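If you're matching them up, the sequences are chains A and B in order.
What the first sequence shows, in the UniProt record's numbering, is residues 1 to 487, in sequence order.
What the second sequence shows, in the UniProt record's numbering, is residues 1 to 330, in sequence order.
Accuracy of the hints is not assured; some may be wrong.
[Stated by the list, open to error] With a cut-off of at most 20 Å between alpha-carbon atoms, the simulated SDA-like pairs for lysine to any residue come out as follows:
(1) A:Lys-107 <-> B:Tyr-25
(2) A:Lys-290 <-> B:Asp-178
(3) A:Lys-265 <-> B:Val-177
(4) A:Lys-135 <-> B:Pro-30
(5) A:Lys-290 <-> B:Asn-109
(6) A:Lys-290 <-> B:Tyr-25
(7) A:Lys-44 <-> A:Ser-360
(8) B:Lys-140 <-> B:Val-177
(9) B:Lys-306 <-> B:Asp-295
(10) B:Lys-41 <-> A:Gln-57
(11) B:Lys-52 <-> A:Ala-102
(12) A:Lys-44 <-> A:Gly-362
(13) B:Lys-108 <-> A:Ser-65
(14) A:Lys-265 <-> B:Pro-243
(15) A:Lys-370 <-> A:Gln-64
(16) A:Lys-265 <-> B:Phe-244
(17) A:Lys-265 <-> B:Ile-298
(18) B:Lys-217 <-> A:Asp-261
(19) B:Lys-241 <-> A:Asp-261
(20) A:Lys-370 <-> A:Val-24
Source of the hints: derived by calculation from the structure; they are not laboratory data.
In this text, all values refer to a predicted model and were calculated from it rather than measured experimentally.
Listed here are the chains, written in short residue letters.
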Amino acid sequence: MSFYTPVDGFPTSTSNTQRETENVLARHQPPTTPTPAAHNILHKQKHMQYLVRNLVQGFPERYQSQDASQPWLMFWTLQAFSILQVGLDPGNRQRAISTILAWQHPKGGFGGGPGQAAHLLTTYASVCALAIAGKPGPGGGWDEIDRKKLYEFYMSLKQPDGSFTVSHHAEVDVRGIYCLLVVATLLDIMTPELVAGTADFLRSCQTYEGGFASASQPYFGADGKLLSTRPPLGEAHGGYTFCALASWVLLRPYAEPNAPDINHKNLLRWLVQMQGGRSELGGFKGRTNKLVDGCYSWWVGGAFALFSALEPAAHLPNPHAPPQHHEDDPDTNANWDDVDEGLYDREALQEYVLWAGQHSSGGLRDKPPKGADAYHTQYVLAGLSSAQHRIVPDASRRAELEAAWADAPSEAQNTTEGPAWLDRLRPERKRVFIDALSWWEDKTAAKVLGGPGNTVNASHPLFDLTITHAEGIMGHFYGQTIPVKGA
Amino acid sequence: MYEDDEPQLFSERPEWKDVTPVYQYENVNPLAPILYSDEYKDATDYLRGVLKTGEKSERVLTLTESVIRLNPAHYTAWQCRYETLIAIGASLEAELRLMDPIAIKHLKNYQVWHHRRLLLTRLGPSAARPELSFLAKSLKVDTKNYHTWSYRQWLLAFFNDEDLWADELDFIEAMIVDDVRNNSAWHHRFFVVWASGVHEGENDRDRVLRREITFTKQNISLAPNNPSAWNYLRGMLEYNKIPFSNFRRFAEPYTQRSVAEDADVVDLENPPPTSQAQLPCPLAIEFLADIYEADGEIPKATELWKSLGDEHDTIRKRRYWEHRVREAAV
Ligand SMILES: [Zn+2]
Chain A
1 MSFYTPVDGF PTSTSNTQRE TENVLARHQP PTTPTPAAHN ILHKQKHMQY LVRNLVQGFP
61 ERYQSQDASQ PWLMFWTLQA FSILQVGLDP GNRQRAISTI LAWQHPKGGF GGGPGQAAHL
121 LTTYASVCAL AIAGKPGPGG GWDEIDRKKL YEFYMSLKQP DGSFTVSHHA EVDVRGIYCL
181 LVVATLLDIM TPELVAGTAD FLRSCQTYEG GFASASQPYF GADGKLLSTR PPLGEAHGGY
241 TFCALASWVL LRPYAEPNAP DINHKNLLRW LVQMQGGRSE LGGFKGRTNK LVDGCYSWWV
301 GGAFALFSAL EPAAHLPNPH APPQHHEDDP DTNANWDDVD EGLYDREALQ EYVLWAGQHS
361 SGGLRDKPPK GADAYHTQYV LAGLSSAQHR IVPDASRRAE LEAAWADAPS EAQNTTEGPA
421 WLDRLRPERK RVFIDALSWW EDKTAAKVLG GPGNTVNASH PLFDLTITHA EGIMGHFYGQ
481 TIPVKGA
Chain B
1 MYEDDEPQLF SERPEWKDVT PVYQYENVNP LAPILYSDEY KDATDYLRGV LKTGEKSERV
61 LTLTESVIRL NPAHYTAWQC RYETLIAIGA SLEAELRLMD PIAIKHLKNY QVWHHRRLLL
121 TRLGPSAARP ELSFLAKSLK VDTKNYHTWS YRQWLLAFFN DEDLWADELD FIEAMIVDDV
181 RNNSAWHHRF FVVWASGVHE GENDRDRVLR REITFTKQNI SLAPNNPSAW NYLRGMLEYN
241 KIPFSNFRRF AEPYTQRSVA EDADVVDLEN PPPTSQAQLP CPLAIEFLAD IYEADGEIPK
301 ATELWKSLGD EHDTIRKRRY WEHRVREAAV
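Could you put together the complete structure from these sequences and hints?
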C-alpha cells in the first residue's frame, strides 16, 4: 500500500492538490515511532493567550468580513474557553451579556450585530453564548431573551416544505434548521406546529453518497401538494451532514411511529469514508475527493456520537462475535483498550489535531501552512474533545432525569390560551428535555492521546456546549431542578 | 472611482447630510469587538441610519453596494438592497450584470448567490439560459464551489424547462473529462439523471441506465481509486434497485494484486484497470464484500473486510471494517 493516495497514473487537478497537501502534511509527521512525547502536546496556554487577545484587544481588521457574525466570534471564543476548562471573570462575563443583548432584534431573534436583521445562525450563536456567560435574573441575559417574539420570528421563516429560510429574503439550508432546533430545545419553545414537515425535509437532503446536502428542492403538484421528487441541492457535505443529523436526532420526540427513516448504513459508510489515511494524518475531509480540514474533526468526527443515538448498540461489540485481536498490529498502542473503539480512528484524529491543527503562535487551524482563526480554534478543539470523550445517551442518567421531572411548573399550570409554546402541558416537552440531557460521558471509553495534560472538557454532541452549560440553561427554561449524577 | 481617489466617506458627502448615522454600540462597551477600518465604520453607520428610517431610494442602492463591496457577508445590507430594488422598481437585469463580477470575486459567499436567486425568481425563465452560461464560466474558476453547483441545481429544478435541461449532460461530461475526481460534477450527474425526475429524451429508463453504467465503468477503469465514481455506481444501483452482484465480473479484476494476464482480451462490458492502476483497489474490495454479504456468503465477505482492516485500508477504517464483520455475524 502506498503512503500517498493512489493516482493510478492518471493525475487530475484533484489528485494534484491532494498530493501537494500530503507533501505538506508529511512534514508534520513526527520523526520516529513511537511518537516522541514532545510532539503530542496540546499547547493549551498558547491557545488561551490567543483567545484572550481576541476577546480583550478585539479582532483585527481582517475580521471585518465577519461583521455580520459577531455572535459567532463571541460564541467560538467563549466555547473554546469552556473546552479548555476556563471560565470568564465576572466583569468580562457581564460585558459579554450586555454585548450579546445588544444583538437582539426588536421583532425577535438575534442579528449579526446591533441593528442587523435577525438570523437563525446568529440566534444560535447568541443563545449559546448566553448559555455560557449568562444567568437567570435581571441583567443575567437569560430572562431578557424575548421567547415569544423569537417564536414568531421562527414561524415567519417557515416554508411549505417544512424548511426555514435563515432570515427574511434569505436562503434555506440545514444549518439554519439545526440552529433553530437547538435554540428551540434549549429555550423550551419547541412545538409540533413549529417542526411540522421538518423531519421529512431533512430526510430529503440525504444524498446517494449517504451524507447530507445543504437543502432540497420541492416540487409541487397541481393540487399544491408536495411531490415525492425532492432532489438534494449540492453534494454530501460534512457541515450539512452534522447539522442534518443533529436536527434529525433533536426531532425524535416528534417522530411519527412509522415515519420513513434516513439511510443509516449509507450515512455510516459516508462518515467513515471522510477520515483521511496516514498521509492525511487521520484528519477528516468534508466531501468526497476534497482535502482534510481541522474543522471537520467536529462536523464529521462529532457526527459519530450522534450516530450512536440512532443505533444505540452500534458502538458496542457484538457479544456473539469472536473477539478481534490486533496484538501483531504495530499501530496498536498497548494502553488502548480494544473493547470500545467507536466507529472511526479516534487516536488518528487526535494526531491530526496535535500535529497539524495547532498553530505555533497559538490558535488552531484548517491545515498547515494556514493561520489560526476563531472558527477553527473552536471547532478543532471541539473535534479533539469528541475524539477524547465518548458521550452517549445514557440509560441511568435518563432514569434520574425521569425521576426528578416536575410536571407543569406552577406559574404556567393554568395556561389554556396563547401561542402553543406557552402550553406547558405539551407532552413532548418532557421528552425533549430528557432526551437532550441524558447524553452522558462513558468514562471507561475516554482516550486522551499525549496523556492527561491534554484532556479537554467534553462538549454536548447536539449543542456544542459543555453538559453543565446545557443543563444550566435548560433547567432554567423548563423550570426543572437538575439531579446530581449518581446521587 | 479612480485609483488616486481617496474613498469618500458618507459623512463627508453633501447628499447624505440629512441622514443621521447610527453608531453600533451606543450604551455598551462591547467585549471582543472588531477593529474596523474607518471606511467600513462610516458606511455601516449610515446603513444603520437608513435601516432605522426605512428609506428606500436610489442612494440606498449606492450605500448598500459600498457595504457589500467592503463585506459581502453583510446579509442585512443585501436584504435592504433587495427590498429597495423592488420598492423603487429598479432594473433587475442591470442589477444582475452589476453582480456578475461581485459573484466571481466572492464565490464562497452565501449572499451573492442567494441574491441572484431572488433576482432570477423575479426575472423569470428567459433569464435562466444566460445564467447557465454564467455559471459554467464561474465553475471554471472554482470547479467544486458548493454554492455555485447548488445554485445551478436550483435554477434547473425551479424553472424545470426542458430547454434548460437539454445540454446538461454534455456540460457534466466536459467537467468530468476535465477532472474525473470532481465529486461535485458526479453529484450533479446524479441530480440531473436520477434525482430531479425524468427529462425530455430520457424516457427510456433502461437505455439511460445502460448508458450510465457504461459511463461509470469506463471512468472507473481510467482511475480505479476514485471514490466519486464508485459512489455514483453504488448510488445508481441502489436507486434503481439493481443488485450489486450483477457487477461481480466487473469488480473482481480491481480486487486483484495486479492486472490479469489476459487483460488484452477485450471485454467491452467490463473494462479492466489500466496497467498503471494501483491495485488492489480498496473500493472494489469493499464493493465485492458487499456482494458476498448480500448473497449470504458471509465468510467470504468477512475475509475481504479483514483484508481491508489488516492490510489495504488499515488506519482509515479498521474499526468500521470490524463493525461490518460484527454486524454480518448477527
Ligand atoms: Zn475548516
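These are the hints, each one checked on the structure:
1. A:Lys-107 <-> B:Tyr-25: Answer holds: Lys-107 (chain A) to Tyr-25 (chain B) is near 19 Å, not above 20 Å.
2. A:Lys-290 <-> B:Asp-178: Roughly 16 Å separates the two Cα atoms, so the pair holds.
3. A:Lys-265 <-> B:Val-177: Violated - the C-alpha atoms of Val-177 (chain B) and Lys-265 (chain A) are around 31 Å apart, more than 20 Å.
4. A:Lys-135 <-> B:Pro-30: Roughly 18 Å separates the two Cα atoms, so the pair holds.
5. A:Lys-290 <-> B:Asn-109: OK: Lys-290 (chain A) and Asn-109 (chain B) at ~19 Å, within 20 Å.
6. A:Lys-290 <-> B:Tyr-25: violated (41 Å)
7. A:Lys-44 <-> A:Ser-360: holds (12 Å)
8. B:Lys-140 <-> B:Val-177: holds (13 Å)
9. B:Lys-306 <-> B:Asp-295: holds (18 Å)
10. B:Lys-41 <-> A:Gln-57: Answer holds: Lys-41 (chain B) to Gln-57 (chain A) is near 18 Å, not above 20 Å.
11. B:Lys-52 <-> A:Ala-102: It holds: about 15 Å lies between the C-alpha atoms, which stays within 20 Å.
12. A:Lys-44 <-> A:Gly-362: holds (8 Å)
13. B:Lys-108 <-> A:Ser-65: With a Cα-Cα distance of about 12 Å, the restraint between Lys-108 (chain B) and Ser-65 (chain A) holds, given a limit of 20 Å.
14. A:Lys-265 <-> B:Pro-243: holds (16 Å)
15. A:Lys-370 <-> A:Gln-64: Holds, at roughly 19 Å.
16. A:Lys-265 <-> B:Phe-244: Judged against 20 Å, a Cα distance of about 15 Å means the pair holds.
17. A:Lys-265 <-> B:Ile-298: Between Lys-265 (chain A) and Ile-298 (chain B) the Cα gap is close to 17 Å, so the pair holds against 20 Å.
18. B:Lys-217 <-> A:Asp-261: Roughly 31 Å separates the two Cα atoms, so the pair is violated.
19. B:Lys-241 <-> A:Asp-261: Holds, because 18 Å separates the two Cα atoms, which is no more than 20 Å.
20. A:Lys-370 <-> A:Val-24: holds (11 Å)
This entry does not satisfy hints 3, 6 and 18, going by the numbered hints stated previously.
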